[in-house]
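Spelled out, the chains give:
Number of protein chains: 2
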Amino acid sequence: MSQEQPVLIGAKWRVTPDRPTFQGFNPRTTEPLPDIYPVSNWPDIDSAVRAAFETFRSLASYGPERLAAFLEHYASRIESRRAEIVGMAERETAYPAEPRLNSVELPRTTDQLRQAAAAARDRGWTLPTIDVAKNIRSMFRPLGPVCVFGPNNFPLAFNSVSGGDFAAAIAAGCPVIAKANTSHPGTTRLLAEEAFAALKETELPLGMVQLIYRTDHKDGEGLVSHSLLGATAYTGSRSAGLALKAAADRAGKPIYLELSSVNPVVVLPGVIRERMAQVVDEFLGSSLMGAGQFCTNPGLVLLLAGELSQAFIKSVAERFRSAPVGTLLSGGVQKSLADGVKTLQSAGAELVVGGEPGGGQGFCYRNTLLTVSGSRFLTNSEALQTEAFGNASLFVVAENVDELLAVIDKLEGNLTGCIYSHRSGEDDTLYAAVEPRLRPRVGRLINDKMPTGVAVSPAMNHGGPYPATGHPGFTAVGIPASMRRFAMLACYDNVREPRLPPELRDKNPTTMLWRFVSGGWTQADVGH
Amino acid sequence: MSQEQPVLIGAKWRVTPDRPTFQGFNPRTTEPLPDIYPVSNWPDIDSAVRAAFETFRSLASYGPERLAAFLEHYASRIESRRAEIVGMAERETAYPAEPRLNSVELPRTTDQLRQAAAAARDRGWTLPTIDVAKNIRSMFRPLGPVCVFGPNNFPLAFNSVSGGDFAAAIAAGCPVIAKANTSHPGTTRLLAEEAFAALKETELPLGMVQLIYRTDHKDGEGLVSHSLLGATAYTGSRSAGLALKAAADRAGKPIYLELSSVNPVVVLPGVIRERMAQVVDEFLGSSLMGAGQFCTNPGLVLLLAGELSQAFIKSVAERFRSAPVGTLLSGGVQKSLADGVKTLQSAGAELVVGGEPGGGQGFCYRNTLLTVSGSRFLTNSEALQTEAFGNASLFVVAENVDELLAVIDKLEGNLTGCIYSHRSGEDDTLYAAVEPRLRPRVGRLINDKMPTGVAVSPAMNHGGPYPATGHPGFTAVGIPASMRRFAMLACYDNVREPRLPPELRDKNPTTMLWRFVSGGWTQADVGH
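So the sequence lines, in the order shown, correspond to chains A and B.
To convert, note that position 356 of the first sequence is 356 in the numbering used here; the numbers rise steadily by one, no gaps.
To convert, note that position 495 of the second sequence is 495 in the numbering used here; the numbers rise steadily by one, no gaps.
Isolated chain A, as found in the complex (with noise of 0.2 Å):
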């Protein structure tokens, strides 16, 4: 057996002795790897904790340039070790090196580290406000410390320790405490090395990332409510994420969740008529995408009664039965599938195919699709949302357009909302129904493409009403966007100009910075 891999804490790798330890396992061979991991005691995340708060008072100092290098300095070095990580990333998550790791994944992973970087130099995120007249001037400015719990579907791109959440923090100036996904310790722990040699590297105080893998239920409450901590953002079941926020309202402590999302796709009948199979297509390329392990995953479909959505259903399923069956990343997720279909069945939504386990390799389950009648959705809606996160999906069958609406006003809270319709109009008094009714209930409304795939763009919007997150006002993807979930509005009443922050001041900072002064957005100096 290999060594105990040791924590990142306070600047300093280190084993806490007579910890309980754990391993990661390999999906494909269902073996557990050889590297073992501690589960962290509370004197060990206290002192990350600590350790965070103290670098986050150190960093006034430091300004954006500093850590915008870090961020890209982190992104080559990342590059530079990427067939260690990506081999690492496949053995843990049976996730293909080629595309999905090396070309798809890890290449987001850099662009976002850099993007932040970008962001983190222009300060345009801070929003500066100033009111010339009555001398009050806003901005947004860091929080503190950010505790951040990755996925266990995005080794590299959400990752604790170098996903989205983690370079919007720092680009924010907010010292980061990672919890590793304990579905891929070594893929994080390589990464953190990296991040680590980098801090070193850019002079940064290497405070800034603290790495843990695991703790227990009521240390990870403690966590996300620890006196010093500023936020933590949150990426995962819905059961564990629903805890944590319980424990950080409690104290007052943001927090933002992505939890879980069954990604509604409605198809009307005027498209099906015009490129079903085209449709069919797009539909299976997302939904066993990466054994449907996405976010965004088109878990739901809802559809018209008539021969076009039988037509439609009857591909699908033939397609499901042929498809090749995909890796699942744990027997958890293998054994939550399980039971998220048993669920939807229980509930009253009847099998097409798949339904069971097996087909692949190692920990799998078969390509499935249940259907359902709207009416029955409708006399129990809730139970007929249970996620069933993999290569799952449900279509409801609405009788005609008000049942249609009803099913859709009985929709929880989603990431995603996609209508497919007819490029000439056929849909269109359909879509018009349709569109106020599902647009209050997901964050990201998407016309005639299927919801998997996000892009890393200012106007993205990666959140949405709960459950799918916490707070409907804010995205986990998008920078600048996803920085200021890690800030505060800091407003300056009366205060000298010299003692006003950079971006605050008279004169521009970066003579590019957008300011919204006295009313409109510029990029001129204050006049005096």
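These aren't lab readings, by the way, just hints derived from the structure by calculation.
All figures in this text were calculated on a predicted structure; none of them were measured in a lab.
Be a bit skeptical, because a hint or two may be false.
Because identical chains cannot be distinguished in the list, a pair is counted as satisfied if it fits within a single copy or across any two copies.
As a list, the in silico DSS-like pairs of lysine-lysine whose alpha-carbon atoms are at most 30 Å apart [to be verified]:
hint, residue 1, residue 2
1, Lys-449, Lys-134
2, Lys-200, Lys-218
3, Lys-342, Lys-12
4, Lys-218, Lys-410
5, Lys-134, Lys-12
6, Lys-335, Lys-12
7, Lys-507, Lys-449
8, Lys-342, Lys-410
9, Lys-410, Lys-335
10, Lys-342, Lys-314
Position chain B relative to chain A; hints supplied.
Just chain B now, with coordinates in the frame of chain A:
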């Protein structure tokens, strides 16, 4: 006895029979006022939310110009009925009609309504963000019905049916369910009558405004966690606010709280040497104005030990002794002030002047000054931050700079923090030590000015870290930022151009709207 006053639910003024009732009080006479108001039951509350939700759904066909017209018309109607409204407010609060109610608070109220109208028309609060290359577009959109709990201390400018929260919610396109403050139900009723008339005259749906006066605790918790509610804005006591927060948090409903704040004022030695008399004057004005019943009342003053600070305390004490004692808003406020002073004393604070009821008309309590040493404060910092809402302040005298900084490190989140310093630099070294410690603990940092007086400016932050509020990123005052509390981030991905909301279409809908397009702010149309 006068007849029972109706509530406003579902576009109707109505009386629900057999409800418990209550009456307002005249704080100056401590006698009940004649009008009778109901405690609403759950069916009434539920009806109000449902009516507001149906109204919200219908609003899409109206648009911001209509909301603006309503707000402006309502402001004019308030002005037309000002004598009656001011008279009622004077009876219910004991605030002087002149200048406070008629010449300060009423104009502030109508100014806020008109600023909100302008912001609705301008639409810039929605922060439209357009990624042309990827065709992803996003903006803030109204969240749904907003419940507003108004505080006791601003019967007009923070009234649940006319104040800042009301104006922000309506301008954002959210119907309001107003929960009157029970200490001024009559003022609230008169205002709601004008709002209702203005809705009629501007032909907005009458369900835009609902009014109830009182609920029991359980129903209040049901209201803020109602599945059809968008969000809640609450200003009031910490205990009631935290109970509502817990209920709203459990339901995943945003709740914005303005709870309590002692608003630390650090008076450095140099400024006392330079202009003690002026600082004493400013402190007196701010701390005793309105009998100290301001959210930003300076309740905690931090000083460095020495002759200068002793002289400052002595001077304030003399002024407190001789200043008239104001009337408090209610028997409840008087009792809670007495309890607060007692808590401070039990925690080690020493009484310098005041410390007992009386000295003025009706509900009142003597102007009260307490002191405590920095070392004592550090041993019991939680109790010594008890808010004694009203005309009482605690002065903390730190032995040296380190102790002063340690005291600041123990401060809870506050709305404001002030630093008074010497004009020509004598205190600059101290300022540089104090500011970084105080800054993260307060929403608004002030120089050389007392905290009362919250300007309605886009750069204002009337907010701050918990427990001053529930989230450090939002402000309750300052249009347009305060409107975004009642909004969700709504992204449109690949949505066909004519289906987009006007703010996100290629053509700028007002020609003046600022939008963040492909990395910069612009008022131009989006090029094809």
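So which of the earlier hints does this model not fit? Result: hints 2, 3, 5 and 6 break, sorted rising.
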